[in-house]
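Visitor: All chains should be modelled from the sequences, with the hints used to inform the complete structure.
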Amino acid sequence: ANGDVLTITTDASITNAGTISYDILTYVISRDGVDVTENYNVTTFSGTLTVEKREIVIVTPNASWIYDGIYHSDTNFTVRVATNKDNGLVNGQRVELNQDKYIAEILNVGSRINEFEIKIFSGSEEVTANYNIRYLYGFIKITERPITIESHGYTRMYNGEKLTYHEYTLTSGVDGEQLL
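Per this note's numbering, the sequence shown starts with residue 2, numbered consecutively.
Derived by calculation from the structure, the hints in this document are not laboratory data. Warning: the hint list may mix true and false statements.
The list that follows gives simulated cross-link-like pairs (lysine-lysine, DSBU-like), each with its CA atoms no further than 35 Å apart [claimed, not checked]:
1. K120 x K102
2. K102 x K54
3. K142 x K102
4. K120 x K142
5. K163 x K102
DEER-style ranges, computed between Cβ atoms [stated by the list, open to error]:
6. Y103 x G124: 25 to 31 Å
7. N3 x G48: 23 to 29 Å
8. T170 x E97: 27 to 33 Å
9. E127 x V60: 20 to 26 Å
For each residue, glycine too, the CB sits at the ideal point set by N, CA and C.
Guide: Structure (structure tokens):
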């Protein structure tokens with residue numbers, strides 16, 4: 002009736018992504034502080050609370066190196082908002098490289114997807130499961146190392162023997178490294 006006040010109690014709360022159902026535990030209908038619940042035929046239904054995952058995009062860069070015989074990887078990344086909704090990282094949360102998973106590396110000439118995974122933390126608590134993470138992977142690449150080899154000439158008078166000469170000069174591209 003007009004002026005009656007409904008007061009309910011429930012124990013429903015959810016912080017992390019997911020859905021829970023909940024019931025109304027108690028209810029009281031009062032008028033001017035007097036319980037008038039008995040004047041009502043009350044039916045209650047269970048409800049649900051849902052926390053949706055936040056959407057983010059992790060973008061890994063393109064990177065390239067000239068062949069040097071060393072494994073290379075690039076674990077830099079940027080975090081982008083996935084949609085126009087309230088997305089991105091929750092304030093105070095941080096993203097870290099997941100050292101427990103595969104990290105793309107490259108040694109020889111060629112290219113591969115710059116693939117790795119991240120984890121999200123709130124303080125010391127991992128909260129990655131509360132995010133829908135999409136990855137846009139760049140590529141890592143090793144290109145051929147340019148070198149110039151100049152063979153030395155040698156001249157002699159004919160003597161009936163085979164002339165062989167194996168001297169050369171490495172004139173560019175190796176920065177003091179020795180090739181076998």
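Visitor: Next step is simple, just say for each hint if it's right about the structure.
Guide: Outcome of the hint check:
1. K120 x K102: holds, 10 Å
2. K102 x K54: This hinted pair holds, its Cα atoms lying about 22 Å apart.
3. K142 x K102: holds, 21 Å
4. K120 x K142: holds, 25 Å
5. K163 x K102: violated, 60 Å
6. Y103 x G124: 25 to 31 Å: With a Cβ separation near 27 Å, Y103 and G124 satisfy 25 to 31 Å, so the hint holds.
7. N3 x G48: 23 to 29 Å: About 26 Å separates the Cβ atoms of N3 and G48, which means 23 to 29 Å holds.
8. T170 x E97: 27 to 33 Å: At 49 Å between Cβs, range violated.
9. E127 x V60: 20 to 26 Å: Between E127 and V60, where Cβ atoms are some 21 Å apart, the hint holds.
Hint violations for this structure: numbers 5, 8, all remaining hints satisfied.
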